[in-house]
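Trainee: Residue numbers (this note's numbering), protein chains in the order written: chain A, 1196 to 1454; chain B, 1196 to 1454; chain C, 262 to 568; chain D, 262 to 568.
27 Å max Cα-Cα, derived DSSO-like pairs, lysine-lysine:
1) A:LYS1258 to B:LYS1258
2) D:LYS467 to B:LYS1374
3) D:LYS467 to B:LYS1319
4) C:LYS469 to A:LYS1374
5) D:LYS558 to C:LYS469
6) C:LYS467 to D:LYS558
7) C:LYS467 to A:LYS1374
8) C:LYS290 to A:LYS1271
9) D:LYS467 to C:LYS558
10) B:LYS1271 to D:LYS290
11) D:LYS469 to C:LYS558
12) D:LYS469 to B:LYS1374
13) B:LYS1271 to D:LYS346
14) C:LYS467 to A:LYS1319
15) A:LYS1271 to C:LYS346
Over 12 Å on every C-beta distance to chain C, these chain A residues come out as not near it, computed from the model:
16) SER1299
17) THR1349
18) TYR1386
Each pair of labels, with its calculated beta carbon distance range:
19) B:THR1316 to D:ASP466: 13 to 23 Å
20) D:HIS501 to A:GLN1252: 36 to 46 Å
21) C:ALA293 to A:VAL1262: 22 to 32 Å
22) B:VAL1262 to D:GLY555: 28 to 38 Å
23) D:LYS558 to A:ILE1263: 38 to 48 Å
24) D:VAL438 to A:GLY1411: 38 to 48 Å
25) A:ASP1444 to D:GLY399: 46 to 56 Å
26) D:ASP265 to B:ARG1277: 49 to 59 Å
27) D:HIS514 to B:ASP1431: 48 to 58 Å
28) D:ASP379 to B:GLN1278: 49 to 59 Å
29) D:GLY555 to A:ASP1354: 35 to 45 Å
30) C:GLU345 to A:ASP1412: 16 to 26 Å
Simulated from the structure, these hints should not be mistaken for lab results. Each residue gets a CB set at the ideal place from its N, CA and C atoms; glycine is no exception.
Here is what each chain is made of, one letter per residue.
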Amino acid sequence: KLEAPEIAASVEPGHFVAVAVGGVGGGMLLRRAFSIHRATPNESIEVIFASHGQGTQWLVQQKPGDVIDIVAPLGKPFALPRQPVGCVLVAGGYGSAPMMMLASELKKRGCQVEIILGAATESKLFGVLESKAVADVVTVTTDDGSSGVRGLVTDVLPDAIKRTNAKAVYACGPMPMLKAVASVSKEHDAYSQCAVEESMACGIGVCMTCVLPVIGDDGVTRMVRSCVEGPVFRGDRVRWDDVDTIPSDTLGAPVVGGH
Amino acid sequence: KLEAPEIAASVEPGHFVAVAVGGVGGGMLLRRAFSIHRATPNESIEVIFASHGQGTQWLVQQKPGDVIDIVAPLGKPFALPRQPVGCVLVAGGYGSAPMMMLASELKKRGCQVEIILGAATESKLFGVLESKAVADVVTVTTDDGSSGVRGLVTDVLPDAIKRTNAKAVYACGPMPMLKAVASVSKEHDAYSQCAVEESMACGIGVCMTCVLPVIGDDGVTRMVRSCVEGPVFRGDRVRWDDVDTIPSDTLGAPVVGGH
Amino acid sequence: MSVDLTTSLGSLSLSGPTATASGCAAAGKELAQFGDLRTLGAVVTKSIMKNARSGRATPRMAETPSGMLNSIGLQGPGIESFLEKDLAWLRENNVTTIVSIAGNNVDEFGELARILKDVPGIGGLEVNISCPNVESRGQVFACNPYSAAEVISTVRQEWTNESPILAKLSPDVTDIVEIASSVVEAGVDGVSMINTLLGMVIDLDKMKPMLGGRTGGLSGPAIRPVAVRAVYQVHAAFPHLPILGMGGIRTGHDALEFIAAGASAVSIGTVVFGDPSAPWRIANELGQELATRGYEKLTDAIGAAHV
Amino acid sequence: MSVDLTTSLGSLSLSGPTATASGCAAAGKELAQFGDLRTLGAVVTKSIMKNARSGRATPRMAETPSGMLNSIGLQGPGIESFLEKDLAWLRENNVTTIVSIAGNNVDEFGELARILKDVPGIGGLEVNISCPNVESRGQVFACNPYSAAEVISTVRQEWTNESPILAKLSPDVTDIVEIASSVVEAGVDGVSMINTLLGMVIDLDKMKPMLGGRTGGLSGPAIRPVAVRAVYQVHAAFPHLPILGMGGIRTGHDALEFIAAGASAVSIGTVVFGDPSAPWRIANELGQELATRGYEKLTDAIGAAHV
Ligand SMILES: Cc1cc2nc3c(=O)[nH]c(=O)nc-3n(C[C@H](O)[C@H](O)[C@H](O)COP(=O)(O)OP(=O)(O)OC[C@H]3O[C@@H](n4cnc5c(N)ncnc54)[C@H](O)[C@@H]3O)c2cc1C
Ligand SMILES: Cc1cc2nc3c(=O)[nH]c(=O)nc-3n(C[C@H](O)[C@H](O)[C@H](O)COP(=O)(O)OP(=O)(O)OC[C@H]3O[C@@H](n4cnc5c(N)ncnc54)[C@H](O)[C@@H]3O)c2cc1C
Ligand SMILES: Cc1cc2nc3c(=O)[nH]c(=O)nc-3n(C[C@H](O)[C@H](O)[C@H](O)COP(=O)(O)O)c2cc1C
Ligand SMILES: Cc1cc2nc3c(=O)[nH]c(=O)nc-3n(C[C@H](O)[C@H](O)[C@H](O)COP(=O)(O)O)c2cc1C
Ligand code: FES
Ligand code: FES
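Build the full structure now, drawing on both the sequences and the hints.
Mentor: The structure is reproduced here in structure tokens:
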């Protein structure tokens, strides 16, 4: 929970925050990106994070009251429907972080909202109770069946889409999940909005590290920056199978050296 | 104040401690050296330090209860006289750190002990009260006269030596002070023991960064490691004027490249 | 007493001592929200090539101790789009702009110079010769005195206006003074140094190099001592050659090290990723560092650590 | 399941994967209080020269971001005293010892090899060619393929016993594979890499280079990506050439990066200054890193990041 009055006011679901780690003179130069979980205007913003490597381990050690250096809000938030249509929100692991804010935003607009939370196992699930508070229906899946339905979020997604006659599916989580959600949504003629997670050096659009192949309105594939043109992308526009490659038909491919 | 039961037991006056700074994954690789101020066997050791650069600034920020990684005791301590002779202890700034321990050690042996504490200004004086508790006489000097006698420690040293008919003078502080103390002592036929402060990479004798020109028993000048063969040296053996140079008559001089 | 921080790179005068580093500020626009670009010495744009270029596959970066590795692969829109969109924006906003160019072969550098020479709003050219020469088995131009000189003399011939040509040097050479002298002979107006060091990080879970491009360029404070050394050596050899210094500058203190080593101005690169306002902050800190040391003008401190 | 961490450098078999780095452990004695030297792969001694040598003026070090700069200047007692005191002690204590030698010219290297070849208790020779050749304007042997080869072939001729000769390579070159191949042709048994990078820190209060030697060698985690890249390149070019890898190794994870890049064993240098028990700790951590990845023998992981 980070106190940041000015910033909180302007946060929308899908925005992320870039957090400096390691302290001054520390060996870590780059900020860590986290989806904004909750923003209380004129007060604070909250994130949910998993202790992963050096930076998040440092964050875990910080005590309440310690000052944290952040840049936010960053990125393009989720696009919201104009009509009060049915929506399904799909989250994998800490991918649930932005979903509660999104859900209540959608409810405000009169949308019917279902949330699907998936994880490898129960301990990796985040925000189940919170979800139940905001969504009409919440379905939980775990790979090992330790909680909810045994299986993947995409196993239960089709029914959810049908139940809500969803026009929009929102997803945040690991790439394979996003890919699956995007295709399932397409099959059911629902727009999908996927928040991707590419490693980022700057988070503000100046370094070009966070790119992935995305098809533009002109049908041309470009390596697009997920920090400023994302992290939320239309699921039908991302070339999921080609992530971490340069598709040969990408503008400016093939590559020749240089850095 | 550092809790270090095992270490404290074996500490002698003049020993130093090497403290890791910046935390794991931090950008600072090298330990910081501090004279051991007080050692309470089976309990703790204490140091006095001035906030100087990045490392000491980090140390200042540590809270009671935080775990600090140290290596100690290191270095050669002050050599103590066998007879109960008169002794004068001269300290500049935080150079007073090891002096109280030394003073009480000397008192135990029945020596008469005078302490001279000098600094640029009052705020840079350390341990005046503590000194008065252990020493027979304490004289304070400051360059600006803000406390005690206006002037340098060496202005009052001769009288102190005469008063105590001192056979041994112990000094800890900046190089110029050590140099002056060494020569004054020599004029008054007193042995001087000077604790030098050379920047150290390893503190354990393996890297050769902490050297200064010292004359050996064989009359030959060598570049000697102050971390293991010091930090305490006989004042009449250090070539004070040649510190930070390689005197041409040093064993192995002159230098040709390489690192 | 406030210090005069104006400086110059050959015929280009700079209103401030700090510039962005090529590839670390795109074409400036994204940084505008963090400060007034007109108060910077210059914006040095991401190296632009003749044609659009997709760059290398991801992952493109790895964090390293006090540094980072990148293998962007010169992703960019190509010169035409750059002129229409990026340079136009910079010109409209009166930003002092140094355009960085890169080519796959000597001719491409020449073409780019020809295209750019009559374009208004260009304060100077930074020729990024620290990229592979496709026509000599991908050897980096800047790693060979002859190729380096060839590129510069070709650009020199095309470049018919008096704004300075800077050669961007690579530290991955046995003798950087040799490279510097070859570009000086080829008629360069100044040098930018240093570019990144070739490095690699291995992903031990995938058991292969972490970056899509396998190797990448090491930047950040980790390489600062190498950069300061390089600037010092080149300034010692060519005391009158303007140097735009860079490599791990994080504070005004760091910046002054480069100035004292012989740089006339500095570029801030990797540190911008962690602190987007760094170019402005560092300029202020540099002013304070100079003031506490009794300098009235930054230019008096250039090369001060020599003698 | 405990992993087999034994390895070898040519004909020299090592009981552990970690060695000390030359100049970072003196002649081992001082480290003995922090662990059993016999359990280390080897102690690589501080480069010894023919005659006693005072080294450079102080200050000899400067801390840098995630690294340090040193200009010790090869201070040492000379070969005679080294044999009597240091090597004798190592032999008595049954420590696997790799003796590092350095010379001011080619002949001195040859002399040292001749003196050492019949001395018992030497597991191998590390030839530190990363030092200046007094007879060619102080150019570092390792920065010139011909001088590098000249030193190695001279040592090779003198070295009439089968323990391995390792050439210590400098990263301050345009093409480290070129240097590696020149020493391979000269008959080296393996290479140690990397030595320090030439760097400088400026003391802004004295307004001159901080180190007595002006420039110094950059070491520590800051340079690790450069070292891993160099090891990877040389292993790719010479898959069967034994490599003793080093450069900023702080953890078992770091060590495994070097092994995966192609090193058969690693040396721990600068990190020892902050953690004297590092050579032992890192060996343990390396065992765990290998175990979690399903390796039974360290030797199976050598070069694993290639392909
Ligand atoms: C837009 C966005 C939103 C995110 N939201 C969350 C969230 O809400 N909760 C959460 O726990 N994590 C989130 N992540 C992932 C989070 O950024 C990484 O877990 C974190 O950076 C790991 O840092 P580290 O120092 O612990 O790991 P290290 O391995 O030490 O990091 C080394 C470098 O790699 C980068 N990196 C490592 N893992 C990732 C990753 N998975 N994604 C991106 N960069 C990575 C780091 O930023 C750093 O630059 C998000 C990432 C992005 C891009
Ligand atoms: C034997 C010995 C005893 C000491 N006792 C004390 C003491 O009791 N109280 C105290 O306040 N200080 C003492 N010092 C000095 C203390 O070690 C330095 O003040 C401290 O290292 C500064 O670290 P920093 O990170 O703040 O400065 P930085 O400038 O960030 O340090 C950078 C590097 O330079 C070295 N360095 C910087 N200044 C000094 C210095 N004056 N002496 C040696 N190395 C230096 C540091 O160790 C570090 O490796 C002692 C030094 C030595 C060698
Ligand atoms: C992500 C990234 C991209 C870069 N792209 C370029 C480039 O396109 N052209 C160029 O000349 N240098 C490029 N550089 C090198 C920087 O301009 C700079 O020379 C180098 O990073 C050292 O400075 P620093 O340590 O302050 O980053 C790039 C550096 C980084 C980190
Ligand atoms: C203080 C110091 C002294 C060194 N002395 C030598 C030496 O005498 N001979 C040598 O071959 N390398 C020497 N080196 C280089 C190291 O052996 C090693 O190659 C380099 O420091 C990189 O490893 P590291 O980052 O683990 O220290 C020295 C390094 C340091 C820091
Ligand atoms: S992270 Fe730098 S451009 Fe996206
Ligand atoms: S500090 Fe390393 S030898 Fe003294």
